[in-house]
Amino acid sequence: MTGGTLDRRAVVADLLRDRGALCVVSGLGSPSYDVMAAGDHDLNYYLWAAMGSAMTVGLGLAAAQPDRPVMVVTGDGEALMGLGALATIALRRPRNLGIVILDNGHFGETGMQPSHAGQGIELTRVAEACGFPVVDRVTERQGIAPLRRRIHAMESLTLAVVKIAAADLPRALPPRDGVHGKNRFRAALGFQPA
Amino acid sequence: MTPDPDAASWRQDVFDVLKAAGVRHVAYVPDAGHATAIRLAEADPEINAVVLTTEEEGIGYLAGAWLGGERGALLMQSSGVGNCINTLGLVACARFPFLTVVTMRGDWAEFNPWQTPMGQATEPALRLMGVLTWRAEEPEQVRPLLQGAASMAFEGDAACAVLLGQRLIGRKEWVK
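Quick note, the sequences are listed as chains G and H, same order. The first sequence: position 114 = 114 (our numbering), numbered continuously. The second sequence: position 89 = 89 (our numbering), numbered continuously.
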């Protein structure tokens, strides 16, 4: 089973609808383009590098902002590089953190080479083995709205693997200035630059 | 470890300086040299003590905490610096404040030669990635060096590492 059939842009647009106080961290490559395509926002932090770090950035943010929902949007390849983070996050269990892994079973940015997820490693099972309290495998578009509601409800740490089609879509490039992205994110939360 | 009991207050100093600098998050991969700071951080209700599976997780975690308005520090051994190299690009590109305390292996009286390559490369590797470094070899150096590093990190968005040398930490006891 490699990936799925869902349209990644439609999935992310649904997830970011009526976002309220939501903070978003996106993993490098297509997930950052998907989040950008859904509409740039001061409370988006787009990673352009540090592969494997999207989930840990989300964890730190969720710990520092316990009253806001934090959503990590990343890909199967990016998540695989930071697989140990699932163990670290499972120990912390922040109830305001939702991790959404867009799984197309491939490394999309580098030429659609099949990933481990596309060759039998089921990331939901890894998360379950780590003890994630809520794990979801979404293969139908109808599964997205309840996932979005769960993340906004902040009742439990959540991880969802969304099975998307391995499509190479036009890029929607977010700003690449990391300092700008950091400062505008913090300003939106009321923090000033040093 | 065989710490000199008269000089071991530096272990407490590491925690006290971090706490006084407003650190709310202590991410770590355990090392015997950090045992006191880890124990105190875990016991402090105002501090999130976060055990990692690998050191680069701490870089992402602390970047996220800073986005959310809070300060943190990473405690690791010199071998862990090697695990962090690519992820330090995040710190450099976004100028995230970064404060780490590194206990050294492979730099003095090292019994295990497998520790030496990374130990010898630790400080140059940090500097190659834009991290400022200071070395403490005497107990009384720890407090001022860490205070200075914390102020440059949190007040100037710098990446700062204080390296705690093996002469400070003491020889590791291999035959018990």
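The set of hints was computed from the structure by calculation and includes no laboratory data. There may be inaccurate statements among the hints.
[Said to hold, decoys possible] What the simulated footprint calls covered on chain H by chain G, stretch by stretch (three residues with Cβ under 8 Å from a Cβ of chain G suffice, anywhere in the stretch; the number is not a length):
(1) 53 to 64
(2) 69 to 82
(3) 91 to 97
(4) 152 to 160
Just so you know, even glycine gets a beta-carbon here, dropped at the ideal spot from N, CA and C.
Each hint, compared with the structure:
Residues of the stretch 53 to 64 of chain H with a Cβ under 8 Å from some Cβ of chain G number 11, which satisfies the need for three, so the listed coverage holds. Judged by the Cβ-Cβ criterion of 8 Å, the stretch 69 to 82 of chain H is covered by chain G as claimed, because 3 of its residues qualify and three suffice. Using a Cβ-Cβ cut-off of 8 Å, 5 residues of the stretch 91 to 97 of chain H lie near chain G, which meets the minimum of three, so the contact claim holds. Judged by the Cβ-Cβ criterion of 8 Å, the stretch 152 to 160 of chain H is covered by chain G as claimed, because 4 of its residues qualify and three suffice.
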